[in-house]
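Residue 975 is where the sequence shown starts when you use the working numbering, and the numbers rise one by one after that.
In short, the hints are calculated from the structure, not lab data. As the structure is a prediction and not an experimental result, all values here were calculated from the model. Glycine is no exception: its CB is placed at the ideal position from the N, C-alpha and C atoms. Everything hinted at is true.
Simulated pairs of lysine to any residue, SDA-like, Cα-Cα distance not exceeding 25 Å:
#1 LYS1011 - VAL1000
#2 LYS1036 - GLU1051
#3 LYS998 - ILE987
#4 LYS1046 - GLU980
#5 LYS1012 - GLU976
#6 LYS1046 - LEU1028
#7 LYS1012 - TYR982
#8 LYS1012 - ILE987
#9 LYS1012 - THR1038
#10 LYS1046 - PRO1003
#11 LYS998 - GLU980
#12 LYS1046 - SER1024
#13 LYS1017 - LEU1057
#14 LYS1026 - LEU1053
#15 LYS1001 - LYS1036
#16 LYS1011 - ASP991
#17 LYS985 - VAL1000
#18 LYS985 - PHE1050
#19 LYS1026 - GLU1002
#20 LYS1026 - ASN999
#21 LYS1036 - MET996
#22 LYS985 - MET1019
#23 LYS1011 - ARG1054
Cβ-Cβ distance ranges computed for the label pairs, FRET-style:
#24 LYS1017 - ALA988: 29 to 37 Å
#25 GLY1045 - TYR995: 14 to 22 Å
#26 LYS1017 - ASP989: 29 to 37 Å
#27 PHE1050 - PHE977: 17 to 25 Å
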Amino acid sequence: MEFFNELYIGKDIADIDLIVYMLKNVKEPAGIFCICKKNNGGKFMYEIMSSKELLKERNRDKYTVYGIAAGKYEAFELLRYMLEDRHEF
975 MEFFNELYIG
985 KDIADIDLIV
995 YMLKNVKEPA
1005 GIFCICKKNN
1015 GGKFMYEIMS
1025 SKELLKERNR
1035 DKYTVYGIAA
1045 GKYEAFELLR
1055 YMLEDRHEF
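Given these sequences and hints, build the entire structure.
Have a look at this one:
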């Protein structure tokens, strides 16, 4: 798994360095959801995945993480912010 250079962080995330360290070392941080993009394109522009799902062997090397949020609701809010920030309408 890769991490985007300008990682988007949810407001309820206290220690981002610890969470990134855990994800890189295949340890599941509780209650964390990641906003990801499939490396080979894929059907969707972005996907919201729990850290548990992202760390499964079948997904581990297929995604780039663009955002990290504490909980599913915060992940949806962060994705909305990302889309408004990165894309012109």
